[in-house]
Amino acid sequence: MLLDPKAGVLVQGITGREASRMVKDSLAYGSNIVAGVTPGKGGQRVHGIPVYDTVAAVVEKHRATISVISVPPPAVLDAALESFSAGMQLCLIMTERVPQLDTSKLQVAARRAGCTVIGPNSLGLIRPGIAKLGTIGGRVDNVRRSFTPGRVAVLSRSGGMTTEIASYLTSRGIGQSIAIGVGGDAIVGSNFTDLIELLEADPATDAVVIYGEPGGAAEEQLAARLKQKPSRLRIIAFLSGRFVDDLEGIRFGHAGVIVEGGRGSIRGKVKALRKAGVFVAETFEDFLRGLKYDA
Amino acid sequence: MRLLEHQSKKLLSSFGLVFTESISVNSMAEVRAAVEHVGLPTVLKAQTPFGGRGNIGAVKFAESADQAVIAAEALLGMDVRGTTVEVISIEPKLTYDCEFYVGITWDTVAKLPVALLSLAGGVEVESAQSDRLARQSFNPWTGLAPYKAREMAAESGLTGKTLVGVGEVLTKLSQAFLACDGITMEINPLVVTKDGVLIGLDARVEIEDEAVYRQQERLGLLGELTMTATGRPPTPLELEAQRIDETDHRGVAGRVVEFDGDLALLIGGGGASLTVFDAIKEHGGAPANYCEVGGNPTEEKVAAITSLLLSKPGVRGMAVIMNVVNNTRADVIARGILMGVKAAGRKPAETISLFRVPGNWGREAREIMEAAGVEVYGREMSLDAAARLAVERNRTHAS
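Note that the protein sequences, when read in sequence, are chains A and B.
Note that my numbering has the first sequence beginning at 1, numbered continuously upward.
Note that my numbering has the second sequence beginning at 1, numbered continuously upward.
Honestly, the hints are just simulated from the structure, not real lab data.
Errors might be hidden in some of the hints.
What the hints assert, rightly or not - Negatives, chain A to chain B, calculated, CB over 12 Å:
no., residue
1, K6
2, V46
3, I49
4, P73
5, P99
6, Q100
7, A110
8, I130
9, G175
10, A201
11, D202
12, G212
13, R234
14, K271
Unchecked claim - Within a straight-line C-alpha distance of at most 30 Å, the following computed BS3-like cross-link-like pairs (lysine-lysine) qualify:
no., chain 1, residue 1, chain 2, residue 2
15, B, K281, B, K312
16, A, K6, A, K61
17, A, K275, B, K281
18, B, K10, A, K105
19, B, K312, A, K105
20, B, K194, B, K281
Stated by the list, open to error - Label-pair distances were calculated between CB atoms; the ranges are:
no., chain 1, residue 1, chain 2, residue 2, range
21, A, P72, B, P233, 30 to 36 Å
22, A, R144, B, R53, 54 to 60 Å
23, B, A179, A, D78, 15 to 21 Å
Just so it is clear, CB atoms sit at the ideal spot from N, CA and C, and this is done for glycine as well.
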C-alpha cells in the first residue's frame with residue numbers, strides 16, 4: 001500500500017515557506033518525516049528535522065524510501081531524478097507549473113527506477129488516522145475534522161475536492177482508507193487507472209470515489225480498463241465542469257483531435273464510465289447513493 | 001502559447017524544415033513588392049491563431065497583382081473571432097501531386113510525446129481511416145529515432161525518396177518539439193512538388209505556457225507573440241477584473257469569465273468552482289460570472305471585485321462559496337464583501353444570496369455578517385446544498 005507509516009519520508013525543498021508549514025502539519029499528524037534537503041543549506045533544521053545538501057547524504061544516515069518534492073518548477077526534474085537514484089519508492093511532487101516535457105522525462109526515469117510518482121501539482125495523499133504527505137487537508141485541525149479512517153478511497157484531480165469529498169463522507173459517518181490528489185496536470189505520474197490497480201490489491205479498501213474534470217483522457221482510460229477487466233472495487237465517479245462542454249472551444253490544429261479521439265468532454269467521460277458499469281453521480285451529494293451504505 | 005503561421009514556420013525552419021517562400025506584410029504599401037518577389041499565382045493568408053481559415057475566407061488566391069491587392073485589402077484588418085488581422089503572408093501558389101499530414105503532440109495516457117503521419121493531408125486528416133494513420137510514441141529523453149520515423153513512412157505505404165524525405169521531416173519535427181517545449185507542432189499539408197521535393201505549406205506550433213520561461217531566446221526572434229489565443233477576446237468586465245487582481249499581488253480575486261446570468265459568483269478552489277458552477281445551473285440558476293478567489297486577497301481587492309460583479313446589469317445577488325480547505329481568512333472575505341456591496345449601493349441582506357466560507361477566522365466572519373443580517377454557513381453545508389440555496393434566495397432579490 002502507498003504510504004507505509006513506518007517508511008521514512010524526506011522533503012526536498014524543506015526550507016521553503018510552504019514546505020516548512022507542510023512539515024509542521026505532517027509531523028503533528030504523525031507522518032514519519034526523517035530529513036529534508038535544500039542544496040546549500042545542509043546543517044540547518046526545520047521544525048527539528050535535519051536538513052542536508054543532497055538526497056545521497058540523507059540516505060547515508062537515515063532510512064528513507066518516500067520523497068516529497070516542493071521545489072521551484074525548473075528544479076523539479078533534477079530533484080526527482082535525485083530521489084530515484086537514491087532508491088525512493090514513492091515520490092510525491094507538489095510543485096505546480098512543471099513543464100510537461102519534464103513530467104514525461106521524469107516518468108520514464110521513474111518507471112526504470114521502480115518508483116511510483118504522484119503529481120506534479122498534487123496537494124498530497126493521506127491515510128486517515130495514520131499519516132499524510134503534502135498539504136492535503138490544510139492545517140492539522142482541519143485534517144482531523146475532514147478525514148476519518150474507513151474503507152473508501154478517494155482519488156481526485158483537484159486537491160481541494162479531495163478534502164471536500166472526504167469531509168462529506170466523514171459527515172455521513174463513512175471513513176476513508178486513503179485519499180489521493182492525483183494532480184491537476186494533463187500528464188501525471190499516476191493516473192486513475194494506475195491507482196485503481198494499486199487499490200485493487202489493498203484489502204483495506206472496498207470502494208473508490210473518483211473526482212474528474214474536463215480535458216485529458218484519464219476517465220476514458222479508466223473506463224476502457226474496467227470494460228476489459230472489471231474491478232472488485234465499487235467505483236463511483238463525480239465529474240465537474242459540465243458547463244465547459246457548452247463553451248465554444250477554439251480549435252487549433254488536428255493533433256489533439258487525432259490523439260484524444262474526441263475524448264475530454266464531460267459528456268463523453270460520463271458516457272464512457274457508465275458503459276463500463278461505473279456509478280456516475282448527477283450532483284455532488286448523489287455520489288453517496290452509489291456507495292450504497294448511506295448512513 | 002500559440003504562434004502564428006509565419007512564426008511557426010520561422011521557428012521550424014531553424015530545425016532544417018523547409019517551407020514555401022513567404023513574405024509577411026502588415027500594410028498595403030508592401031503588397032505589390034511582395035507579390036512581385038514571390039511570383040504569380042499567389043496565396044494570401046491572414047495570420048490568425050485559429051484553425052479552419054479556409055472556411056471563413058481568411059485564405060485567398062490571386063492570379064494577378066491587381067487581384068492580390070484586392071485580396072490583401074479584404075484580409076488586412078479583417079475580424080476573425082473578435083481579433084483583428086494585422087499581418088498577412090504572401091506566398092507562391094504551388095502545384096503538387098500529393099499532400100500529407102505530419103504532427104507531434106502529447107499522448108497523456110502513455111505520458112509520452114507521439115508522432116503522427118497521415119497520407120491524407122489538408123482538412124481530410126481527422127476523418128482519415130485510422131489504418132491510414134501511423135502513430136509512434138517516443139522517449140522524451142532520446143527523441144524519435146530516424147529509423148522509427150522511416151518505419152512510420154513505410155507503414156503508411158510510402159516508398160523511395162518520399163519515404164526517406166518524410167522520415168527526415170518527422171525526425172526534425174520531433175527534435176523541434178522537444179527542444180522548444182511543444183504542446184502541438186504540425187505541418188499540414190506537407191506536399192510533394194512536381195519535381196519530387198517535400199515542402200511544407202502551412203504549420204502550427206503551440207508552445208507550453210509553463211515552459212515559456214526557458215524558451216525566451218527562441219521566442220524573442222519571432223516578433224510580437226499572440227498571448228491570448230484561446231476563446232473569445234476578454235470583455236470589458238473581465239479586463240477590469242484582471243486589472244483589480246493586478247493592483248495587489250496578495251491572493252487571487254479576479255480571474256473572471258463573464259456569462260449571461262443574474263447570480264454573481266465568488267468561488268474558492270478550482271475543483272469547487274467547477275462543482276458549484278455546475279450545481280447552480282443544475283438547480284435552475286444562471287451564473288453571471290465565474291470568479292475564483294484564493295490565497296489571501298486584501299479586503300480592498302475583494303471589495304473592488306464584489307462591487308464590479310454587482311455592477312453588471314441584471315445581476316440580482318451574489319453567492320460566496322469556498323471549499324473546506326481554503327486557507328483564506330473568512331473574516332477578511334466577509335469585510336471585503338460588505339465593503340463592495342455598500343460601494344455598489346446595495347444592502348447586504350438583499351444582495352448576498354449565500355455565504356459559505358469554512359476557512360480560518362470563521363467566528364469573526366459569522367459575527368460580521370450576522371450584524372449585517374446575512375447568515376454564514378460552514379462545512380456542514382455541502383457545495384450542492386449551498387448552490388441550491390443560493391439559487392432559491394437569489395430569485396427573491398431585485399435586479
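Hints, verified against the model:
With 12 Å as the threshold on Cβ separation, the claim that A:K6 sits away from chain B holds: the shortest Cβ distance comes to roughly 27 Å. Distance check for A:V46 against chain B: the nearest CB is about 20 Å away, which clears 12 Å, and the non-interface claim stands. Here A:I49 stays apart from chain B, with its beta-carbon at least about 22 Å from theirs, past the 12 Å limit. Distance check for A:P73 against chain B: the nearest CB is about 7 Å away, which does not clear 12 Å, and the non-interface claim fails.
Distance check on A:P99: its Cβ comes as close as 4 Å (rounded) to a Cβ of chain B, failing to clear the 12 Å threshold; non-interface status is violated. Once the 12 Å rule is applied to beta carbons, A:Q100 is inconsistent with being away from chain B; the minimum gap is 6 Å. Residue placement check: A:A110 does not keep its beta carbon more than 12 Å from all beta carbons of chain B (closest about 10 Å). Listed as a non-interface residue, A:I130 keeps its Cβ farther than 12 Å from every Cβ of chain B; the least gap is roughly 19 Å.
Distance check for A:G175 against chain B: the nearest CB is about 17 Å away, which clears 12 Å, and the non-interface claim stands. Non-interface call for A:A201 relative to chain B: holds, since the shortest CB-CB distance, roughly 22 Å, exceeds 12 Å. With a closest Cβ-Cβ approach of about 23 Å to chain B, A:D202 is found to remain outside the 12 Å limit, as its non-interface label requires. Taking the minimum C-beta to C-beta distance to chain B, about 10 Å, the non-interface status of A:G212 is violated against the 12 Å cut.
Distance check for A:R234 against chain B: the nearest CB is about 21 Å away, which clears 12 Å, and the non-interface claim stands. A:K271, annotated as away from the interface, keeps every beta carbon of chain B farther than 12 Å; the closest lies near 17 Å. For the hint linking B:K281 to B:K312, the alpha-carbon distance of about 19 Å falls within 30 Å, and the restraint holds. About 16 Å separates the Cα atoms of A:K6 and A:K61, which keeps this hinted pair within 30 Å; it holds.
Restraint check for A:K275 and B:K281: satisfied, since their Cα atoms lie roughly 25 Å apart, inside the 30 Å limit. Under the criterion of a C-alpha separation no larger than 30 Å, the hint pairing B:K10 with A:K105 is consistent with the structure, at around 27 Å. With a CA separation close to 47 Å, the supplied pair B:K312 and A:K105 exceeds the 30 Å bound. Distance hint between B:K194 and B:K281 is unfulfilled; the C-alpha atoms sit about 57 Å from each other, more than 30 Å.
In this structure, A:P72 and B:P233 meet the distance hint of 30 to 36 Å, their C-beta atoms being roughly 32 Å apart. Distance hint for A:R144 and B:R53: a CB-CB separation of about 57 Å, consistent with the stated range 54 to 60 Å. In this structure, B:A179 and A:D78 meet the distance hint of 15 to 21 Å, their C-beta atoms being roughly 18 Å apart.
Figure legend: structure checked against the earlier numbered hints; hints not met, in rising order: 4, 5, 6, 7, 12, 19, 20.
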